[in-house]
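Colleague: Sequence lines, in order, name chains A, B and C. Mapping of the first sequence onto our numbering: residues 454 to 755, in sequence order. Mapping of the second sequence onto our numbering: residues 122 to 511, in sequence order. Mapping of the third sequence onto our numbering: residues 1062 to 1509, in sequence order.
The hints are simulated quantities; they were obtained by calculation from the structure and are not laboratory data. None of these values were measured; they are calculated from a predicted model. Please note that the accuracy of each hint is not assured.
With a cut-off of at most 27 Å between alpha-carbon atoms, the simulated BS3-like pairs for lysine-lysine come out as follows [stated by the list, open to error]: (1) C:Lys-1388 to A:Lys-620; (2) C:Lys-1505 to B:Lys-253; (3) C:Lys-1388 to B:Lys-157; (4) A:Lys-603 to C:Lys-1388.
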Amino acid sequence: MVESPIQSTEVDNAMNGTDREKSQETASVDKNHNKAPQVTGGKGNNGAQVQDDCHVTTKDFSIFYGDNEAVKKATLSIKARLVTAIIGPSGCGKSTFLRAINRMNDLIPGCSTSGNMIFDGLDIYSPQVDVVALRKRVGMVFQKPNPFPKSIFDNVSYGPRLHGMLKKSELEQIVEQSLVRAALWDEVKDRLHQNALGLSGGQQQRLCLARALAVNPEILLMDEPTSALDPRATAKIEDLISDLRGRYTIIIVTHNMQQAARVSDQTAFFYEGILIEMGDTKPLFTKPREKKTEEYITGRFG
Amino acid sequence: MELEQTMNSTADRQFNNLLLSKKALRFQRMSAFVGKTFLLAITSLSSVAVLFIFYFITKDALPFFFNEGLGEFFTSTNWYPSADEPNFGALSIFMGSGLVTLGAIVVAVPLGISAAVCMSDVLPFEVRQVVKPITEVLAAIPSVAYGFFALVVFAPALQNDGNFLLSLSAWIILVPVSFLAVVVLGDVVADRFEEKYYNYIRYGIFVSGGLISLFCLLKTHTFLNSLEITSGTNALNVSIILGIMALPTIISVSEDALQACGRELREGSYALGATRVETIFKTVIPASISGILAAIILGVMRAIGETMVVWMASGNAAQIPKPWYNYLDPVRTLTATIAGDMGEADHVTGSSRYHVLFAMALCLLVFSFCANLFSEWIVHRQQKKLGLAK
Amino acid sequence: MKLSTRKLLDKSFTGYGIFAIILMACALLLIIVPIATKGIQAFIFRGTIEYRKLRLEKFEEGNLKKVNAELKGSQELRKPIYDMIDQFEKDIRELEYEERREYRKELREVKKSLKELFGPAPGDHQPVLWREQYGQTRWDRAKIKIDQVLFFEEWDYSNPDKMGVKVLVDRKSLFKGTSLEPLFAYVEKHAQSILQPKLVFYWRFLFDESFDAHFFGGIWPEVLGTLYLTLGAMFFAIPMGIIAAIYLTEYAGRGLFISLLRSCISTLAGVPSIVFGLFGLAFFINSVKVSESKSVLAGSLTLALLILPTVIRASEEAIRAVPKTYKEAALSLGAGKWHTVLTVILPAALPGILTGIVISMGRAAGETAPIIFTAAVSVGKPLHFWETLSQPTPALPWNIYNLCTEHEAVDEIRHVQYGMVLTLVALVLILNLAAIILRARISKKLKG
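Working from the sequences, and respecting the hints, build out all of it.
Modeller: Next comes the structure, spelled out in structure tokens:
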């Protein structure tokens, strides 16, 4: 299943043009046949059935920007329904790795991968993989709050609408549900139809979270979600992460080691593109196995 | 929780597999390909239009060159297209286009570039916010309105009070210029001598130079007042109006170029004790010279391609002014000839009289193409240079 | 150089720059002010009794009784004039042939200018043209005509070195001692009470058809033609321009082909507008034959080509200015590329695109050269919508040119020319203003 990275990028580019039509088509296929067609032999598990199991595993996974290897042969597995933090000094490839999980790196010209990244029993970089379906199941929250310049309601309902949910009542339900989960409902329920850009930074970030939750993903990727926020808003987001644990697999990239220690169950430490150490958070912070980890945690560099 | 269930059920319904069937994959690739090709086709259509223009203009221009040859067209000044034995000597018409374009550049370039420098380096932000709309309005006024102004307002004014206007503008321009020239000359010359003579020499030059320039000014004044302006619709009129029309282009493009060269460069120069004008002339303008050149070329293209103003206000006489630099004579330009003669030539589609206009259009087209290539090349070269510098 | 000299140079250069800007502002004022002040006179002017008579007889507008009463008073005042002429004609019959012929010639001139001022004399046969059926309808024109009754022009060649000089000669001097002499004083004194000028607000100038080659009426066919041409051009240029911009920003790579396309587009932007006109004639009309001869359709297509590069550039810039994070967010929610473009990128780029569109609309409305050979005619009725496919139309820019250079009585209809120019300039400037306001409002809305 290992594909040449260049080819996979090409395929993705070719596919992007009609993602919308296709995603609808797949949805209708699913309705008709309960068992969706599978080409290669995965385990065929639905994500929902994976309990306490490894949700995403990588094997010798590398990411290249042109000739530059940003992530070098990382092998790790991320446990389902837990919070995994990725830490490391800036430029260590942690964000790149995170973005690789829902193939956001495809947008960057000249970016390619090698090795395997297995999600739901499939290598997500295989050419037959439907990127749109992948991204629907792997949601993402970005470093800076990036709500669309639309109303709050339209922001949250963007994803569900995209995936074929058009009934007003259903949409209203799901918007409320998502905003409640993102602890934003009480603050915005009276102004759902105002422009989202009028919210404060922290509210915007929670709105982005709600927007990601509205498509009901299995995995939530968070790329330094609090780096642009003040301490109070940061605390709110951290509380949210704790609330969401057990329901979603959360992978969070952070600069802030205290944050990693506070919110995560597992921690992975990257240094210069290499995965130095990964394990349960507590032991990693108290008794790191590697010298580099210890040096980073104790603040000798980074 | 009811809500929870709804959500999960919708999720289940949509729970699609990550993999695509071969058929779906093929369909996806096909539709992506078709979509992209469609976009590309539309894009190419809009770009290929320019090739179409070249093709169709050339197609109708070639019969003229085959029938009448190149020699007369480019070298003779006999322009009698409707005579029984027609002559198609377009030299005077080329000359007319050249003259008004040159005139427009002489009017627009000094004004435009100094206004651009002023806007980017001198004026405070609030004033710039007021000046910017002025250039936008000047750019927006339709050319036929400029032509109307040139014909109905400016030409009579030029015909009746032309001498006064000319000498007034000569005074306004030349008095400060000659004053500065005398002061600077005195300073530069006196600097070469010993300190104790400095003031004597300086004032000596100042007084004598002032007298000489005053004399020259008076001479100019009498000369301008003795000129006879037989018609207000002449090359001068058109040059001034075209200059005003080219101003906004020149200002906005060169201002962009001046702003692009950055604050650090200016600060570096100021830190060495340069005055503002020295900073501008010695560092800012050399750094942004390619953008300014591009602006001038765009201005030239605007002036040479303009039809209505020259058609209405240039006098439309197919002659070379005597002497050739006499801007007070009427001229005729390529664009005006095309616009004016096509109405009559259209009835005899296929004759040399019809095709000669396409030959002129081809010349305009080739000129604008070359000018465009040249400006692109300049900008490209500059970018490369900056890229290397980094 | 001494520091003081350097500082002087510095100051004077700054002064020069400011002078250049002030000069530019003055040029703008010099152009706009006469157009605005004289253009407004097409809408607001002092209309004479002849104007009211014309409106009444030709359009059945106005108060019949009132106008008739006014007319009666006017005619009573006119009577002495024609009586004097009759008397004079009788008088000169007694004279010698030579003298009689001389007086007859001069009298003809007087009668002609009187006819232009007051309309046909009582008892004359009714002329065909409207302009000859009535006297001066506008008081500003009437004043000029009064002067023509009182004076005539002569060229003075007394100085052989100089060009001839125009001088005005009092007509009274020609008729010294005759029974016609008091006429001139009478006309001068009573002209205003004969013509009874009243302020008229003729807003329908925009929406009336023109009559008798623009001597009377409004400019609706031209306005409508300009609207058709502009909207037609936008109809073709907007979709093509936006699609091309989307392709160039979102899909195109950096290959040789793409850079070739880009240079084609920038060349297209530099093609002189008259060449577009010739191309429209050679391609759309002579080769593709979108219509038999000139038509609004052919003109719109030509104009569309002309503004296409502007639309593409503006849209491209606007799309590039959309933050990359919007795109990332949409993609991370599982939107396809095309869907992202349609639902996120285009809405966010809309203000910029709209601004570009509105500005190029102004450009399309004002361009003349491309429509000379493809769409414009001097005289025509307002078109129905379906006629645009095959019929040519009058249009503001072309008719401005036509009226001020090729019309048979250029000086008589200055007010119409100025009115047209004002309408066109106002249209274009309003479009530009709309672009600025639109940009400000939508970007404010985007900021929340």
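Colleague: Please go over all the hints and tell whether each is borne out by the structure.
Modeller: Right, here's what the structure says about each hint:
1. C:Lys-1388 to A:Lys-620: holds (25 Å)
2. C:Lys-1505 to B:Lys-253: holds (21 Å)
3. C:Lys-1388 to B:Lys-157: Answer holds: C:Lys-1388 to B:Lys-157 is near 18 Å, not above 27 Å.
4. A:Lys-603 to C:Lys-1388: holds (14 Å)
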